[in-house]
Amino acid sequence: MSDQFSFNLIDEMWIPCIRTNDGQTVILSLRQTLAESHTLYDIAGDTPLQTAALYRLLIAILLRVYRPAADDFAVWQEMWRSLTWDMDRINAYLDEWRHRFDLFATERRFYQSDSDDSRAVRKSAISLKYGTGFRHNPLFDHDNDARGLALSAHEAARDLLTVQAFGFGGDRGMLTDAPWSKGVVFFVQGDTLKETLFLNLLPYPDETGGDRLPDWEIDHPSWEMDDPFMERKGQPLGYLDLLTWQNHKVMLFPEKRNDQLVVSEVKFGGGLRIAKALMDPMKLNLRNEKFENGFRPLSFEESKSLWANSYALFARMRMGRETTSWPPLAFNWLHQLVEQQVIKPHLAYRCKAMGLSKNKGKVEYLREERFPFSLRYLVDEALRNLLRDALQEAEKASGFLSKSLCMTSMYLLQASADNYKWEDLRINVQNDGIHRDEIPNSVKEEIIGRWEKGQLKKPGWIIHTEADIYFWSALDVPFQEFIVRLADQDGDQVVNWWRERVRAAAKGAFDKAKEYAHESDRAHRAVVEGRGYLRYQLEQMLGKEVKV
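Heads up: the sequence shown is residues 1244 to 1791, going by the working numbering.
The reader is advised that the hints may include incorrect statements.
Below, simulated DSS-like cross-link-like pairs (lysine-lysine); rule was C-alpha separation at most 27 Å, straight line [claimed, not checked]:
#: 1; residue 1: 1533; residue 2: 1605
#: 2; residue 1: 1605; residue 2: 1547
#: 3; residue 1: 1601; residue 2: 1510
#: 4; residue 1: 1755; residue 2: 1787
#: 5; residue 1: 1425; residue 2: 1605
#: 6; residue 1: 1646; residue 2: 1787
#: 7; residue 1: 1510; residue 2: 1499
#: 8; residue 1: 1646; residue 2: 1499
#: 9; residue 1: 1639; residue 2: 1510
#: 10; residue 1: 1601; residue 2: 1547
#: 11; residue 1: 1547; residue 2: 1366
#: 12; residue 1: 1499; residue 2: 1425
To be clear, the hints were calculated from the coordinates, so they are not data collected in a lab.
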């Protein structure tokens, strides 16, 4: 019988952490993780999703214990400057609710509930393994339903948290998407785990951010609720409710194997349904009128890193029709902590982004990205504008690269490229006596644009070169240096340094792509046309090339 088993998350070892002093990974209990967070560098989940889900739980506990108000900066300062958390308060809370943190309790299991839906059946724990509720089946993973899979209790606990944060909808309409299954979640990473947790706390209850997520007096974490699945029409009662939201009813079935407590079967049923219009406080939302609330959460792109949108993270949230983005609220709140001199603006931390990319209910990849930033970006609008302009130039350079490859492709694949569709624009090069070099740039741009639109809709030569991936990856390391130097050195000089890296990345990506054109007179002509276009556009935007 399952009632003979117990695995209480407060005192059992299940959270993998990295120690600051020696970099070793240790497995700690929930209580130990909070008590020793000042000596830990970070959490080391099996996947980025798992690490994010563990942050989510720890933040919920700290908010419930401290309840730091938006206007009580003395409390925030004490929390920041204290070496450790107030473990007397935390231990008292954990002891009070200890009975709700047992993974296999007889009455009320942690983050679990049985489902009476006829579609909910017991199946292999493989579906729990990757934290999405469905088979991920990546390359070289040979686990399958026939072979089975037994997760240790500590593995099952971490995967359970991950499913409730990132689980997919589906299974004949029984399940719905968890809050973090779409978009990227952002965290500010400090030098220790304690700093990281503090830097991602929000005022609670948040009377200043009610437009994003109101906090009602009855808001509690799920383990305190009599019925965590009570109907609330997709709207969380507050931030604590959202942080412990459960889209899935999950039931783990433990057993003993070789004196070890394991989980080999799991049961999934439909739980809560989160409102589609809700904007998660940990996501960067960009204006998009196609979405119900007028915004869409930023998602990973396979070809480029998230730092290309980093300036939007640091912009202070402004309400009104002119709003184009909603940064994660942790960045917005840090702005105020810096202004109130709780935290010094010269400090530099890291932005940490985690999430997944999925297609038709299947995981394409999991990803974690990090880049450094100075807190100055939160309070210095002129500095943010420099960063914004520099990154927008990189975006434009990427567009020029794409169009240069379109021109190359046009001359490579079309025998009559000189006259390609120009008759549609009522310009006939031969009959009107216009030399090709005299054709207005606006006409050339329209021709290239038409070709580009057709080419990028289907796999072809341009896609095959993967030039866009090469371009953005070539800028990954320079950006890590650029964003740090821009905050500390002469802005014009650093921007000029960055521009030359952008130019070099675009030219390098083109040179890499041209290798796919092979050798022929037509290919040589195509490369000359494409390179000339790219050089011209880069010089128009960046000026003449400077040797560095």
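Practice task
Report the numbers of all earlier hints that the structure fails to satisfy, in ascending order.
Solution key: 8, 9, 11, 12
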